[in-house]
Amino acid sequence: MTRRIRGISGPTVSVEFSGLKLYERLYVGHAMLTGEVVRLDRDRAVVQVYEDTKGLGIDEPVNIVGMPLTVRLGPGLLAGMFDGLQRPLKRLREDMGPFIIRGKQMYALDHMKRWRFSPLKRKGDDVRTGDILGYVEEGAFKHLITCNCDGRIVWITDGEFSLGEPIGKLEDGKEIFGCHEWPVRMSRPYKRKFPPSEPLVTGQRCIDFLFPIARGGTVILPGGFGTGKTILEQAIAKSADVDIVVYVGCGERGNEMADLIDEFATLSDPWTGRGLMERTILVVNTSNMPVAAREASIYTAATMAEYYRDMGYHVLLLADSLSRWAEALREISSSLEEMPGEEGYPTYLASRLSGFFERAGVVETLSGRIGSLSMVLSVSPPGGDFTEPVTQACLRAAGAFLMLDTSLAHRRHFPAINYFQSYSLYEKDIVRHFNEQISSEWAGLMQRCRELLQAEERLREVAEIIGVEGLQDADMILMKVAEMIRIEFLCQNAYAEDAFSPPEKTVSKIREVVEFYDSSISRLREGVSRNQ
Amino acid sequence: MRLSEHIYSTITSIRGPLLFIDEVFTARIGEVVRVHSPDGRIMDGEVLKIDAKTVLIQVYGETRGLDIENTSIVFADTVKKAPLSTDIIGRIFNGSFAPIDGLPMFIPEKWSPITGFPINPSARARPEEFIETGFSVIDGLNTLVKGQKLPIFSCAGLPSKEVAAGMLKNAIIPPVLPLAKGGEGGFVNRGKGDFVVVFVAIGLTYHEYSFYMNILGEMKGGFVAFVNMADEPVMERLLAPRFALASAEYLAFEKGMDVLVVITDMTNYCDALREVSTAREELPGRRGYPGYMYSDLASIYERAGRIKGIPGSVTMLPIVTMPEDDITHPIPDLTGYITEGQIVLNRELHQKGIFPPVDVLPSLSRLMQRGIGEGHTRGDHRKIANDLYKYYAKGRDLRRLEAIVGRDGMTDSDRQMLDFADAFEREFVNQRMERRDVNETLDIGLNILKRFSLEVR
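So the sequence lines, in the order shown, correspond to chains A and B. 1 is the number of the first residue of the first sequence in the numbering used here; add one for each residue after it. 1001 is the number of the first residue of the second sequence in the numbering used here; add one for each residue after it.
Treat the hints loosely; a few may be bogus.
[Unchecked claim] Once the Cα atoms are required to be at most 30 Å apart in a straight line, the calculated BS3-like pairs of lysine-lysine come out as:
1. K1394/B to K509/A
2. K21/A to K1053/B
3. K54/A to K1110/B
[Unchecked claim] Quick list of simulated restraints, FRET-style, between CB atoms:
4. L1283/B to E175/A: 45 to 51 Å
5. M186/A to R1399/B: 46 to 52 Å
6. E160/A to Q1369/B: 24 to 30 Å
7. R1399/B to F194/A: 51 to 57 Å
8. S1072/B to M186/A: 49 to 55 Å
9. P166/A to H1006/B: 51 to 57 Å
I should point out that these hints are in silico values taken from the structure, not numbers from a laboratory. Idealized CB from N, CA, C, for every residue including glycine.
Starting from the given sequences, assemble the full structure and let the hints guide the process.
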């Protein structure tokens, strides 16, 4: 079925309309660029094109694919690197060299590779959607293959297969494959959702101790440029206590991604000792890659993350940065000539964002396993101004807010998390958990730590005027101890051995500092001068 | 491919640089057109938007003198391409890639689209080879590496052009470097001849023009210059950096050269972008700049880099003049979000007579960590850089206290710190036009650190 292009404006193309459906996928022009129907008028359909439209001409053909924008899910995603439309970047490079040329379609998964399938169901079993048919070993992970239709198995393989061939057959003649397609904008189904209550240990002392986050939770990291968003995101990706990490470089720097790829290839997961890449999926749409694919990239990533969640894994999705996604949304919206809201962003920005955040959570999967999807998303507010629409929309939807502070960054205090204004709504549950599992002092120490930092802040104003020397002895000690907390406890070098701090180490480190403070104060009471 | 040229004289309206043409049979987005004006001038233009039979064209050049009846438009059936050859080295072009140095046009070896193609992130090699700029404050504390994009944030009236000139004259990749570890993209020293500067001037005043032409004349290495003067068409300001980068990519990734691209001034580029966007009646974003400015700037800055298995590199040094000295203004702000750090010039240092007046505290090179230390510069580089930064930051902090309590009211160690900060600015940052190699730089740093007994409380 072929239609013709009638008009082109930036990344949107209008097509003569008959029988097209909203959000249907199309191949546009002779170059076969991927597009999606975003609006239907009486006589024309508006198509958003996911690649650069330069060179596209009027009257060129548009072909219908017959389904929405999807990703391919199956074994072989781990350690992969994809663009915003899930094209495999490494194989694209082998195919067409170091530059990305438009209009090249390529399956995300290698259909030639052979996998060993171990069935868990037998011939004659009745299966339903979501049931587990068997598994393949994908690295160290048991990659569960689920059924996506109902019926009785008449044949199921036990042995090697490739993704192109069926692994089983149902009574009604339906073939079952090891991989399937899923529309990116639709969240994958689950049985029920639970409130997040288990900790997600990040290995970052400031986060784990002061603003602990939960598996299944959502965290935003807003900060101006140079505040270390990317480094913090990567530090979390390296050491978070989860099974699988999906990292989205959304509209960010190419060199940074090259660095990340090289680095991840050499590092190992501190929890299991296995190679870090083995548990990681990268989705990369750098700032000079097409804007519309950038908009799709976070959904592509979330769908792959949900796929592994459905096997009962704990998955962490990191996106850097959500502001670039919002800007892509704005660019597309303005080329559709929609009525703009605040700062030119479309009025549906907040609802799209909160809809995306809702894909996180702890769930019971269709097959009865418990899996979780957590999100840590950075935001790049223009001019470091947190009152802008993207940060504000995120604040309403996110469960934790880790504010990155330019003034801390200038003092080379990294991670530059502002310890007064950040918050975590998971704090209560998670601290209770840490209190029971790690140390019964956790909650008490946390309170003490906060009080010391607050007291320092008050004293600092006084000290600015009269000088540190003019303070009373007890205050001097407090200033000194608070500085220790800031420099030795809250600061953490992302590139040294200290980059990963397990909770036991975190709590013993702060315990030392607080004990030092208490003993200094009590000795002072006994009349020992501060210099001793 | 069309079999014949399509010529139209069906203009329906002209608005600034924009033409609307009706009854167009076929056209493509980004297609190049030639506009023949009634007085015989021929200008280039580009298709911006197509709506059924109506086409919107943007003209690169002066639209004064165009009319609706007699102006005709020829569609070229191709997108904008740059003529490329190694013969461009040593030449000076305008913003439309026409030679302005009095010599004839070269014969191109090939043509490629000026917007280029994005580098596949998995093909990028990690930038980690040190470039010596000759300025202590950059080499020592904000090291530049091959494939990096590091802007200079300046303010009106500060000597950004002298800083750029210093880099143009002095930047080299040190001749003796050990082979980088690991297979792909290993660095092989190919001598100084393969180091080329691509200089892009956007909206340059005549005064600045003559300054830079002198500098380029004095340069020993090869250069290519693209110059758009302040009184030349605004559209060429948007084209010049793209022609320059197409040339830079060609020299780097096809001819294996190390290319340093200096662009001055990105603020003029962004203002041109705003002007054109407004003429197109697009929705304005912050301060009237278009909402897509981030993506547009990225399409320029992200062309810097290195590629695995290919010897050349594109390194970029854009100069941004911060309007109202405000680093949160959209131009420096969006630039900072894309580039790998920034070198910030400071008015106060300039008034103290320090050159280059680089403020170390807000300056940053994100890729520095990979490019310094054993095998790149010197084993103690990292420690010296960290110490200098730490004590200087402390010293600067104390200056505020000094203003309140006075120098006499401060402790000995605080006074040491203050003196250190002064000495650091006077001796390390300040170097006039002399060139320092990285060893000298580190020795000076070490020397200052040793002279003071410093301890951060």
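inquiry  = For a quick check of understanding: which of the numbered hints are violated here, in increasing order?
reply    = Structure breaks hints 5 and 6.
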